[in-house]
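J.: Take each chain as given, in its own frame, and dock them per the hints.
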Amino acid sequence: MTTRVGVVTFPGSLDDRDAQRAVRLAGAEPVALWHRDKDLHQVDAVVLPGGFSYGDYLRAGAISRFSPVMQTIIEQAKLGMPVLGICNGFQVLTESHLLPGAMLRNNHLHFICREQKLRVENAGTAWTSDYQAGQEIYIPLKNMDGRYTADARTIDELEAEGRVVFRYLASGPGEVGNPNGSLNDIAGICNAAGNVVGLMPHPEHAVEPLVGTGGTDGLGFFTSVLKQLVNT
Amino acid sequence: MARVVVDVMLKPEILDPQGQAVQRALPRLGFDGIADVRQGKRFELELEGPVDDAALARIREAAETFLANTVIEDFTVRIEEEAK
Numbered sequence: 036m037t038t039r040v041g042v043v044t045f046p047g048s049l050d051d052r053d054a055q056r057a058v059r060l061a062g063a064e065p066v067a068l069w070h071r072d073k074d075l076h077q078v079d080a081v082v083l084p085g086g087f088s089y090g091d092y093l094r095a096g097a098i099s100r101f102s103p104v105m106q107t108i109i110e111q112a113k114l115g116m117p118v119l120g121i122c123n124g125f126q127v128l129t130e131s132h133l134l135p136g137a138m139l140r141n142n143h144l145h146f147i148c149r150e151q152k153l154r155v156e157n158a159g160t161a162w163t164s165d166y167q168a169g170q171e172i173y174i175p176l177k178n179m180d181g182r183y184t185a186d187a188r189t190i191d192e193l194e195a196e197g198r199v200v201f202r203y204l205a206s207g208p209g210e211v212g213n214p215n216g217s218l219n220d221i222a223g224i225c226n227a228a229g230n231v232v233g234l235m236p237h238p239e240h241a242v243e244p245l246v247g248t249g250g251t252d253g254l255g256f257f258t259s260v261l262k263q264l265v266n267t
Numbered sequence: 099m100a101r102v103v104v105d106v107m108l109k110p111e112i113l114d115p116q117g118q119a120v121q122r123a124l125p126r127l128g129f130d131g132i133a134d135v136r137q138g139k140r141f142e143l144e145l146e147g148p149v150d151d152a153a154l155a156r157i158r159e160a161a162e163t164f165l166a167n168t169v170i171e172d173f174t175v176r177i178e179e180e181a182k
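Residue numbers (this note's numbering), protein chains in the order written: chain L, 36 to 267; chain P, 99 to 182.
One chain only, chain P, in its complex shape (with noise of 0.2 Å):
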């Protein structure tokens, strides 16, 4: 089966609360030295057919109208190649 990979992250001008906790949590840690942390979603599609230009294009239908909200999100499509 193939797999579609959509990242969906909010936009770079839009504040992300959940990423600066997790920023501001690290270094209690012990994790020094990160800068930044943005926080995503990540939605792996297992399609039922072949990888085509048809498929991709309704797979960014799809995160263009339901997985991202486009007001604040951006997304990237990508296929994963299959692990041997």
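Excised from the complex, chain L in its bound form (with noise of 0.2 Å):
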């Protein structure tokens, strides 16, 4: 039986197309989902696509976080369901409260788009087995609020727990890691069961050598959940 992958379309949704892609690409099924039915089809995990749901107003994810299809995901992610949430999908679940803390807009106030340098803290998710912790990636950045942040008891229990599952790096001496005042250099975290996993990153931008900047190192997520999937 072929792997049934999720990707929610809200109005807004940029990138919904592209995580389709990848998760063809790795080898599973993908499945869009529509933000007014609350009806999974089947599916065994979900993608939280990037881009601007219900135009960021009021906060960004703040609205598609009451949507049908979230009631949804919110309850089966509490069973267990993977769930990753890629940028705006990232706010859509701290907004959900399925992840803890909240994005802002970044220090600089500027957008940004850029290749970034992550290392993976935490290789034991349902959507980071496929790299080894302490590997450095390369994955596309492209956000207007992204700077991560929490009160001090949320982010020191994230640390202890090693729930912060990617953070920022310098690509060069000199150069500024952080992109945009993120707490810790938090570039990603997870829940405490390890199956929902928020980032403001984009590794469906990063999964053929042919499009962008040519890197493939976003393929692993997809490839993560689906090998998590067929084993269970």
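None of these hints come from the bench; they were simulated from the model.
Treat the hints with caution; some may be incorrect.
[As the list claims (entries may be wrong)] As a list, the in silico EDC-like pairs of lysine to aspartate or glutamate whose alpha-carbon atoms are at most 16 Å apart:
| no. | chain 1 | residue 1 | chain 2 | residue 2 |
| --- | --- | --- | --- | --- |
| 1 | P | Lys109 | L | Asp91 |
| 2 | P | Lys139 | P | Glu171 |
| 3 | P | Lys109 | P | Glu162 |
| 4 | P | Lys139 | P | Glu162 |
| 5 | P | Lys139 | L | Asp91 |
Bear in mind the structure is a predicted one, so any value in this text is a computation, not a measurement.
T.: Next up, the structure:
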């Protein structure tokens, strides 16, 4: 049986097609999910893609969180279904309280678009098992509201439990690694169970040598979840 | 119709680069003497019915779950007197 990975389309989603393509390249079957449809159509995992859902009105991800499809995803995520939130999807996950903390406007107030070096801090999540802990990867980053924040207790908890999954790194001497003022250089985190992962950079844009910057470091997200689903 | 105003502000400990950008622009425009600026959001809610305790409680709930993200923002709820 083919593994089915759902990709949600909200009004204003931009990277849903790229995420579907990444799922297909990893060997799973992408399933388009519509924000107004509560039914997850028997998918085994869900990707919340990047973009500007509902125009980022109110706060990024704040309105999407109340969409019908999210009600089912929140339920299923709590039961262990793997969910990956990329960029705007990460913002939806924090607004849904599936992940702690919140995202703020970049500290320099500019939209940022660049290839970003990251360190995989936790290779034990549903979406990172194909990486090695400590592995350095390059993933495109493009956002306006990427500054991760949380209260000091939450940050301590995330650090102590190994739930900081990705950290921003400088790509060379003299470079600034942290692109937006994120606390502790946090680029991505996971929930306690490790099935829900959110990050600001876009792994679905780094899956083919032919397009983008030509890196394929992002493919591992999708092969990781496929492997986990096949093994269970 | 009764109006209830919900003001949402970033918590004091949260860096507000938008407010800082406004503050830095002010002296360039000749508006001196402003030491700090914080930028927030104001929601004006027009109620269909009267502003009673039940209505205010519902609005506080809406503010807490939706209008504000209490991880990063504080909010206040107040009734605005009707203009005569």
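J.: All hints are to be evaluated individually against the structure, with a verdict given for each.
T.: Okay, the hints, checked on the actual structure:
Proposed proximity of Lys109 (chain P) and Asp91 (chain L) is contradicted: the alpha carbons are some 20 Å apart, above 16 Å. For a cut-off of 16 Å, the pair hint linking Lys139 (chain P) to Glu171 (chain P) stands: about 10 Å separates their Cα positions. For the suggested pair Lys109 (chain P) and Glu162 (chain P), the alpha carbons sit about 14 Å apart, so the restraint of at most 16 Å is met. Taking the CA atoms of Lys139 (chain P) and Glu162 (chain P), the gap is about 14 Å. The hint holds against a cut of 16 Å.
Between Lys139 (chain P) and Asp91 (chain L) the alpha-carbon distance is near 14 Å, which keeps this suggested pair within the 16 Å criterion.
Comparing the model with each earlier hint shows a violation of hint 1 alone; every other hint is respected.
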